[in-house]
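Student: Chain by chain, the residues:
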Amino acid sequence: MSDTPTVLVADDDRDILDIVTFRLERSGFKVIRASDGREAHELAVKHRPDVVVTDVMMPHMDGYELAKALRSDPATSHIPVIVLTALSQEEDAARAFESGAVDFVRKPFSPLELKARVQAALQRR
Amino acid sequence: MNLTELVVAATVVLAAVNLLVALVLTLRRLRVRRREAALERAERDLKPIVLALVDGEEATLPPLDDTSREALARLLQRYARLLRGEARERIARAGRELISQEVAKLRDRRAWRRAVAATLLGDLGDRHTHWRPLVAALGDRSPEVRMAALRSLGRLGAVEAVPRIVRLMALGRVPRALAAEALMTIGSPAAQWVTRLLRAEEPEVRAAAAELLGLVGAPAHGRHLIDLLDDPDPEVRVKAARALGRLGAGAAVPALRRLLDDPIPYVRGAAARSLAALGDRSPWGRLVTMAAEDSYDAARAAAEALVTLDEVRAEKECARIPHVAEALDLEALR
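Top to bottom, those sequences are chains A and B.
Per my numbering, residue 1 is the first one in the first sequence, and the count goes up by one each step.
Per my numbering, residue 1 is the first one in the second sequence, and the count goes up by one each step.
Just chain A, with the same shape it has in the complex (with noise of 0.2 Å):
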């Protein structure tokens, strides 16, 4: 892990990314940006972040496969992945834990306690 901790945020909806990059980014994380579950599952084998912040509906890939994926390969199954959706239901925080996400955050969310949770999930590593 370098000294500058790398988030990987996966979201199709533009707004949910700036948001999350600047807080993040004010927070001195480095991000590197998705626009869907394919493209974050590239740049997550490619770049090995140290966290991945994914959200669930997305197209080409959703978050619950998202998870599953990185969890099923070696390479990248220590990322820790934090769900964050406008899904509420209690199924939707169960599934998205056994398809391996150590976190779930509902969308409306906070900036800074969505931080508070990347650093604890950084911490549990």
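No lab work stands behind these hints, which were simulated from the structure alone.
Hints are not guaranteed to be accurate.
Stated by the list, open to error - Pairs of lysine to any residue, SDA-like flavour, derived with a Cα cap of 20 Å:
(1) K115/A x A52/B
(2) K115/A x R81/B
(3) K107/A x A180/B
Based on the hints, put chain B in the right spot on chain A.
Tutor: Frame of chain A; chain B shown alone:
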């Protein structure tokens, strides 16, 4: 002028009119496109400042022309829907000046303008300042305005609006799903206000309050709903029974068992489903009798309850009862 000349003249006039209409439409389209491009440029310029503002940094907005004001409103509105907590409060502060005219627009003669104002107040408004005008908009003659006001009250977390929302839902003035969504957005603070309406004079209001308490309440609210199982109005008893099942209020089991003998089949059915949701197997025999002999609604509900409670036992002991056989088939399809 002979007929041929007349036809030629009419054709020329029609072609000219067509050309003029096409020209006007093209110009209008160009104007819309130019305006959209200007808005996008303004949004791009404002975005770094707005992101800093929302994040809590010291940032000052430049002087704004009409286009920039609209771009700022669009940005803040979109961000407001994504964020909560302090970031959301900062958006309300940044948007205060932008929405100063919106309360007045709630009285505009055009319904679309009233609906836009109601939406904007929900995105950029402040609960303490704007819940009253939005509650007034719930009585608007246009359903679009009422729905926009309802959503906005939910987004602002306006608990003060809960009694009015419940009453309007009971009267059928706002869609049930939207009223429920607004209350669920407000969250658990709404439950306390809904509880007070369980004792309302009008049965429709008591029924609506019971239904909504089932969505926003907690098992501890069960004791208020148990009293309603003896309500003289069957609709209230049904809504209370369903809410108790949904909340998982175990303390309601004895009262729900008694309700299996209610004179109204619809009520007996609701009690059977809720007892199944609460996992109470003790009235098994009564449910079997209901499934076999009761009227259609109650029998069906009892059959579903039996399958929910113990699918294997239901198949073994009661598959000969047509409603139970159907419930088993439906369960197998899931």
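Student: If a hint holds in the structure, say so; if it does not, say that too.
Tutor: Taking the hints in turn, this is what the structure says about them:
{"no.": "1", "hint": "K115/A x A52/B", "in the structure": "holds, 15 Å"}
{"no.": "2", "hint": "K115/A x R81/B", "in the structure": "holds, 19 Å"}
{"no.": "3", "hint": "K107/A x A180/B", "in the structure": "holds, 19 Å"}
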